[in-house]
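Novice: Next come the chains, spelled out residue by residue.
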Amino acid sequence: MDILRFATAGSVDDGKSTLIGRLLYDSKAIFEDQLEAVERTSRDRGTEYTDLSLLTDGLRAEREQGITIDVAYRYFATPRRKFIIADTPGHIQYTRNMVTGASTADLAIVLIDARKGVLEQSRRHAFLTTLLRVPHLVLAVNKMDLVDYSSERFEEIREEFTSFAAKLNAPDLTFIPISALHGDNVVSRSENMPWYNGSSLLHHLENVHIASDRNLVDVRFPVQYVIRPQKATSPELHDYRGYAGQIAGGVLKPGDEVMHLPSGLTTRIAAIDTFNGSVQEAFAPMSVTLRLEDEIDISRGDMICRPNNRPETAQELEAMVCWMSDTARLAPRSKLVIKHTTRTARALVRDLHYRLDVNTLHRDEAAPSLGLNEIGRVSLRVTQPLFVDDYARNRLTGGFILIDEATNGTVGAGMIVEAR
Amino acid sequence: MLQRDYTTSQLDVLEAEAIHIMREVAAEFERPVLLFSGGKDSIVMLRVAEKAFWPAPIPFPLMHVDTGHNFPEVIEYRDHRVAELGVRLVVASVQDSIDSGRVVEETGRRASRNRLQTTTLLDAIEEHEFDAVFGGARRDEEKARAKERVFSFRDDFGQWDPKNQRPELWNLYNARIRKGEHIRVFPLSNWTELDIWDYIRREKIEIPSIYFSHTRKVFDRDGMLLADCEFVQRREDEPLREAVVRYRTVGDMTCTGAVASRAGTIEEIIAEIAATRITERGATRADDRASEAAMEDRKKEGYF
Numbered sequence: 001m002d003i004l005r006f007a008t009a010g011s012v013d014d015g016k017s018t019l020i021g022r023l024l025y026d027s028k029a030i031f032e033d034q035l036e037a038v039e040r041t042s043r044d045r046g047t048e049y050t051d052l053s054l055l056t057d058g059l060r061a062e063r064e065q066g067i068t069i070d071v072a073y074r075y076f077a078t079p080r081r082k083f084i085i086a087d088t089p090g091h092i093q094y095t096r097n098m099v100t101g102a103s104t105a106d107l108a109i110v111l112i113d114a115r116k117g118v119l120e121q122s123r124r125h126a127f128l129t130t131l132l133r134v135p136h137l138v139l140a141v142n143k144m145d146l147v148d149y150s151s152e153r154f155e156e157i158r159e160e161f162t163s164f165a166a167k168l169n170a171p172d173l174t175f176i177p178i179s180a181l182h183g184d185n186v187v188s189r190s191e192n193m194p195w196y197n198g199s200s201l202l203h204h205l206e207n208v209h210i211a212s213d214r215n216l217v218d219v220r221f222p223v224q225y226v227i228r229p230q231k232a233t234s235p236e237l238h239d240y241r242g243y244a245g246q247i248a249g250g251v252l253k254p255g256d257e258v259m260h261l262p263s264g265l266t267t268r269i270a271a272i273d274t275f276n277g278s279v280q281e282a283f284a285p286m287s288v289t290l291r292l293e294d295e296i297d298i299s300r301g302d303m304i305c306r307p308n309n310r311p312e313t314a315q316e317l318e319a320m321v322c323w324m325s326d327t328a329r330l331a332p333r334s335k336l337v338i339k340h341t342t343r344t345a346r347a348l349v350r351d352l353h354y355r356l357d358v359n360t361l362h363r364d365e366a367a368p369s370l371g372l373n374e375i376g377r378v379s380l381r382v383t384q385p386l387f388v389d390d391y392a393r394n395r396l397t398g399g400f401i402l403i404d405e406a407t408n409g410t411v412g413a414g415m416i417v418e419a420r
Numbered sequence: 421m422l423q424r425d426y427t428t429s430q431l432d433v434l435e436a437e438a439i440h441i442m443r444e445v446a447a448e449f450e451r452p453v454l455l456f457s458g459g460k461d462s463i464v465m466l467r468v469a470e471k472a473f474w475p476a477p478i479p480f481p482l483m484h485v486d487t488g489h490n491f492p493e494v495i496e497y498r499d500h501r502v503a504e505l506g507v508r509l510v511v512a513s514v515q516d517s518i519d520s521g522r523v524v525e526e527t528g529r530r531a532s533r534n535r536l537q538t539t540t541l542l543d544a545i546e547e548h549e550f551d552a553v554f555g556g557a558r559r560d561e562e563k564a565r566a567k568e569r570v571f572s573f574r575d576d577f578g579q580w581d582p583k584n585q586r587p588e589l590w591n592l593y594n595a596r597i598r599k600g601e602h603i604r605v606f607p608l609s610n611w612t613e614l615d616i617w618d619y620i621r622r623e624k625i626e627i628p629s630i631y632f633s634h635t636r637k638v639f640d641r642d643g644m645l646l647a648d649c650e651f652v653q654r655r656e657d658e659p660l661r662e663a664v665v666r667y668r669t670v671g672d673m674t675c676t677g678a679v680a681s682r683a684g685t686i687e688e689i690i691a692e693i694a695a696t697r698i699t700e701r702g703a704t705r706a707d708d709r710a711s712e713a714a715m716e717d718r719k720k721e722g723y724f
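So the sequence lines, in the order shown, correspond to chains P and V. Each residue of the first sequence is one higher than the one before, starting from 1 at the first, in the numbering used here. Each residue of the second sequence is one higher than the one before, starting from 421 at the first, in the numbering used here.
Derived by calculation from the structure, the hints in this document are not laboratory data. Where hints are given, some of them may not hold.
[Unchecked claim] 25 Å max Cα-Cα, derived PhoX-like pairs, lysine-lysine:
(1) Lys471/V / Lys253/P
(2) Lys471/V / Lys624/V
(3) Lys335/P / Lys599/V
(4) Lys599/V / Lys720/V
(5) Lys335/P / Lys253/P
(6) Lys471/V / Lys583/V
Given the structure is predicted, the values throughout are model-derived calculations rather than measurements.
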């Protein structure tokens, strides 16, 4: 059984909570005591139906205001897969939360109300999904029951969205007509829409192929921690020196020739160690420990790759940045801390090329700065070289976070573009 | 060449993620500590720590917040595991906090030291200057926990501010704090109860005997089966009876209920959990029943 991480964006109005509630309920991931608590609260508040959004809105403030503020993580499993849902709020003032939820997602579900069609909000959600390079996008056209399960209406929405998505460089795109309220095409195929020949939503989630979404081509091993059991009682461990980390790309095998960055020195992999013994092969997302044939001075923040396939060593970065601070703004001359893979450095904002309107995709080149939830293209100079790839090629070696030195808050998420 | 399938099982993905988190902490913090209660989640967390730094020893101590109201089987297990791994154990005692006047013991028949633990925990973090504190909490346990970050920032009062959490993207964790502040770290955030048991089975990890079915003297209170012990005042209308039970969670004897069960092996426990329709906290924890936001309120104060 593998794991599929998916993000959902939308508000209660789109039926997002109803959809999640139904997936959890029908897969038996909602328990009786949870359901009773929700029923009790719904009754106390005078709501006529059982408000399943109460299951996902975990904070007191969210329940009081009846809105989703933060990303909530939900879990369910079917015999085929374990699922992690990053349930994110849909309103524009929570763009940073959606970006956060999408950063680790294999798939995103964007909900569209069949009566309203493709709205500004749907376009924004789809754009953010593609900006964060979520490999699979599902357009769930919801409330089909309210448009008489009309295939014409579904086709209209599909065409409108497809022409918009062409501008986005959207990945794998799937359209599913559903009614979350009545369960049509959610878990099983609906009898109300015989014209629809595709999968139900759950069937799609269970079967969408994600193993090849990981980068298995470019070997990238950011060194996280050096393991030296100096005090070990067993003398054979006295000279043990292992480089621990989580593989960010490629397939590693003992005997492979590898290059260390920043030194540029080459050596071979002597062994790939785990607690359960040495392995003959390792790939993303495994956490392993490498031993190398030659002694090279290697420390945290360094990168191990292949001599003929290296990331770019860069101190000048071009990136799309989503700004997440509600107090400070990002502007030329801003100084920040940057964390990229296992390396932390300082960064200076050299230029803000444009601010992107996430609804219209219009580029405002006159924008002087970025505020909360705004996205723009920036140039950064970094105090020490980073080993980077295009975010489009590898999300783990192409993504970074920005930290405010004064408050220590995480204030920005960056995606590298135009790395050589 | 044949196309190889690079699918990774859910336990391998979760373990790799937890190992990554632990190594980040060991690399970025001065004085981490791992909270170890002897419960199944902290047992799994400890095994992951063992794996993350192998063949080197675990590079941080363990800490047990000891209410004094423990199940003896669990303390026995704790001491045995600590000796086996050769790690240092810090015991932070709620009784000491009571004796020194830092907290006042609750009275009455529902008295529990559950809430008092927060002060003991925060005092110990301050005394030992711990800057990162590993906890075994999972997001599937409770709705306030579903919103918590893997690296969860605590101010110099140890408080959690759920409305002002640091965004957490990709596998990049922000470890920056000022002196006196700390980060609670939850490496098992994405595990479910069933994942924990599947992992215990796969790794053949030893667990305290109270998780398995046994005969015990219990009484009924609030729909829970509480164990007969010196720490709980039992009323006359709460008669003792012998029952075949096991524990689904391990906490304080005063507020942890047993469940009727004949599951005597890990396989039987997994079958039981897979079929149950009640959450583990709903079934066994009096401390979470206080109100809809009981956990959120305690967490804001600095609870686990």
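Novice: Next step is simple, just say for each hint if it's right about the structure.
Specialist: Here is how each hint holds up against the structure:
1. Between lysine 471/V and lysine 253/P the CA atoms are separated by roughly 20 Å; this keeps the pair inside 25 Å, and the hint holds.
2. With a CA separation close to 14 Å, the supplied pair lysine 471/V and lysine 624/V stays within the 25 Å bound.
3. With a CA separation close to 22 Å, the supplied pair lysine 335/P and lysine 599/V stays within the 25 Å bound.
4. A C-alpha spacing of about 20 Å is found between lysine 599/V and lysine 720/V, which places the hinted pair at or below 25 Å, so the restraint holds.
5. For the hint pairing lysine 335/P with lysine 253/P, the CA-to-CA distance comes to about 40 Å; that exceeds 25 Å, so the pair is violated.
6. Our distance criterion of 25 Å between C-alpha atoms is broken by lysine 471/V and lysine 583/V, whose separation comes to about 34 Å.
The structure fails to meet hints 5 and 6 from the earlier list, while all remaining hints are met.
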